[in-house]
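The residues making up each chain are set out below.
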Amino acid sequence: MAIRVLRSSEIRPRGLGRRVLRSSLLEALAYPHGVDRYVELVRPLLLGRDVRAEVTAVRYQTPKSVTLTLRPNENWRGFRAGQFVGVSVEVGGVRLTRPYSPAGCEQAADGALELTVSTHPEGRVSRHLRDHARPGLVVDLTQAQGEFVLPSPRPQRVLLISGGSGITPVMAMLRTLCQEGFAGEIGFLNYARSPTLALYDAELATLALRHEGLRVARGFTRARRSELPGRFGREHLAAVVRDHAAAATFVCGPPALIDSVRAVWAKDGLPEPAVETFTAPVLRFDTDGAEGRVSFTASGRQAANSGLPLLEQAEDAGLAPEHGCRMGICNTCSTRKSAGTVRNVISGGVSSAGEEQIRICVSVPVGDVALDL
Amino acid sequence: MPSAPPVLTPEQLEAFGRELDAIRARVVADLGERDVDYINRLIRVQRGLEVAGRGLLFFSLLPPAWIGGTAALSLSKILDNMEIGHNVMHGQYDWTGDERLNGKSFEWDTACPADQWRHSHNYMHHTHTNIVGKDSDIGYGILRMSEDEPWRPYYLGNPLYAGLLATFFQYGVAMHDVEAERIAAGESALDDEKREKLQAIWRKVKGQTLKDYVLFPLLSGPSFPFVLAGNATANLTRNLWAFTIIFCGHFPDGTEQFTEEETENETRGEWYYRQMLGSANLTGGKLFHILAGNLSYQIEHHLFPDLPAHRYGEISEEVREIRERYGIPYNTGPLHRQFGSVVRKIIKLALPPLPGLSRSEPAPGEPAAQAPPQKPAAAKASTRTLTAVKTSSRHPAAASTTSRNPVAPKARPRKRTAAV
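Residue numbers (the numbering used here), protein chains in the order written: chain A, 1 to 373; chain B, 1001 to 1420.
These are calculated hints, taken from the structure and not from any lab test. The reader is advised that the hints may include incorrect statements.
Ranges between beta-carbon positions, derived for each pair [to be verified]: (1) A/300 x B/1099: 47 to 55 angstroms; (2) A/367 x B/1335: 56 to 64 angstroms; (3) B/1320 x A/37: 35 to 43 angstroms; (4) A/303 x B/1317: 35 to 43 angstroms; (5) B/1030 x A/299: 24 to 32 angstroms; (6) A/356 x B/1157: 51 to 59 angstroms; (7) A/152 x B/1048: 44 to 52 angstroms; (8) B/1048 x A/320: 25 to 33 angstroms; (9) A/356 x B/1048: 39 to 47 angstroms; (10) A/178 x B/1030: 48 to 56 angstroms; (11) A/299 x B/1024: 15 to 23 angstroms; (12) B/1099 x A/22: 40 to 48 angstroms; (13) A/291 x B/1014: 34 to 42 angstroms; (14) B/1313 x A/299: 28 to 36 angstroms.
Given the structure is predicted, the values throughout are model-derived calculations rather than measurements. Every residue gets a Cβ at the ideal spot worked out from N, C-alpha and C, and that includes glycine.
With the rest of the complex left out, here is chain A (with noise of 0.2 angstroms):
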């Protein structure tokens, strides 16, 4: 098992030990592998740059998921509710990247994560993590990315809607705007499957009691009795809020979810909601109409426009790029376009012709494509 734990006198890097990490003298000496090579073997959290994180406390509310508590090292920049993390593990000697949106509040002493982790069948990195988690397990971590995030100033109304695993960046919202004792009114629905499923279900019980301006509402798509009957319907919103329009919205949860309330904001002749999911959409490809040929310039090597994204092209073509996701989240696969064009296949959007970095797993060509790899 590829589990690094540390032993309890394991220190969090100071301020001048990072000076130090960093000052050319040592890295001259350490030339050229670099300081962190060296420190990390002894000391996993004391780095210069890269951010890690130590498991402080594991706990499992639902039998589907983890909830760790996590101490960053001071690389950490902190995160904005909502945002979410790149979470680094090994398992099976193979190191996985997957997104996870921190549910803590922004303000959390001395600036610990949790991150809720919810498992799936075919989840190998949350599986592992509900699995074999425990106090003193280190993880890497990417900087906290994404712009699903709380306005500032804050809105006058909030309405959080969230299905599933999907609960954690709006649980990051709702905890922040209680801690700041936010006065305006924030209405929470929360779809799961079952109570037994519901992941934060008490705490949100708790925060209602305890907020005036918080409305609470549940729905369990798949129990006998639930407070809000079947899925998310117009009708739901009047269970959390007075003026659906009127609220700044947040939704995150499976497309689904998503959909059933694009609907009914694009009915009411509404701006889109914010909206976030980590569900890789069912995505098709014109692979019969790709035209053009993908010059993959760093390689030299060359292949027919199969109308794949990009990272796939480049991977038929017997090259290894760099990646995460695959669902155009982390960033990981992001790759210097020298000429072309690329649509997106998340958003439909079609990029510049010009240099730029893309995101070869969701960008499929449009014609003749040149890429840094």
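Once you've looked at the hints, dock chain B against the given chain A.
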């Protein structure tokens, strides 16, 4: 003396290639924690030895500390360059997704910039293995290691150049990708690309020199000269060791060399076949294999350069069994014997070929075409039938360098030269 290899039919070569592909696929499917744990443990040991060695050298006014420190640092550099650096840079651990084990970004503790090594070694040497004129590992551009290389009086210095190359091996390797010898000979121009490469080498050499010959000695104060000597000794030890192992990979008696026309339009099976004929193994214990970076399994390495090297030992029995079935000799032996034959070759090839003792030897079924070594008789495809070419009738003096066509389908020149 290993017996000469057979000529295989295209069908046999294809089946042969498929069998090797199957081994590869099986190992790839089995890659996992064991491999990552192995390389991470080795990195831990190497970094530990390096820190311990440099630490001990701070006290190198005391002779035991000097000896211990220098030994630890030598081992560290050997592990860093061979079992870790060489193998990681082949991309053997790219599948782990760990950027610290990424073949494209790894840097090593030697003068050669990793990027240039990846080109000259991973691409040039591994693709064009033992093709005279294309694989500059044959003699590093300064030695005569093949009879196909015409003799010049310059090569009288062959043993001297080999000694110098071994001593300064890290710089020889560093200059590999620039092909300085070709620039000196006027065959290649010192263009912008080469200039950039030279600058990269200079940056790397500067970093290495600063660390080993300036900073660590200065930091140790009164031990300055001893630290300097310890670091120089560690670099020298690594140079001699790496030279020895690497030269045992492709030059012992019985390894074959090839010409460019022989290897045109190779199939995958033919490529495997050439890799096998051009490589030689070393026998030894587990620690020896680790210190050799498992290049002691040179044959397996050349067949599967991107499989984790610690797996070569495990698959070597199977590779050997396949080779035996196809009648291909398995060139292996202890270090002293293999290196002894390399040294003999270096000395032998310093001298001009003696015409009376060189001859072209026909294979059974072929017309006994007598021809001077540089102008081989063209053999007809129809005469180059099927498998095992018996070689028991070879002249006893028939020796190290044989250059032959690994495949039958086309009428290609095939020659066998007997060196003195």
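Structure-based check of all given hints:
1. A/300 x B/1099: 47 to 55 angstroms: 24 angstroms, violated
2. A/367 x B/1335: 56 to 64 angstroms: 58 angstroms Cβ-Cβ, so the 56 to 64 angstroms window holds.
3. B/1320 x A/37: 35 to 43 angstroms: 37 angstroms, holds
4. A/303 x B/1317: 35 to 43 angstroms: 39 angstroms, holds
5. B/1030 x A/299: 24 to 32 angstroms: For residue 299 of chain A against residue 1030 of chain B, whose Cβ atoms are near 27 angstroms apart, the range 24 to 32 angstroms holds.
6. A/356 x B/1157: 51 to 59 angstroms: Distance hint for residue 356 of chain A, residue 1157 of chain B holds at roughly 55 angstroms.
7. A/152 x B/1048: 44 to 52 angstroms: Because 49 angstroms falls inside the window, the suggested range holds.
8. B/1048 x A/320: 25 to 33 angstroms: 31 angstroms, holds
9. A/356 x B/1048: 39 to 47 angstroms: 44 angstroms, holds
10. A/178 x B/1030: 48 to 56 angstroms: At 51 angstroms between Cβs, range holds.
11. A/299 x B/1024: 15 to 23 angstroms: 21 angstroms, holds
12. B/1099 x A/22: 40 to 48 angstroms: 19 angstroms, violated
13. A/291 x B/1014: 34 to 42 angstroms: 36 angstroms, holds
14. B/1313 x A/299: 28 to 36 angstroms: 31 angstroms, holds
Hint compliance for this structure: hints 1, 12 are broken, all remaining hints hold.
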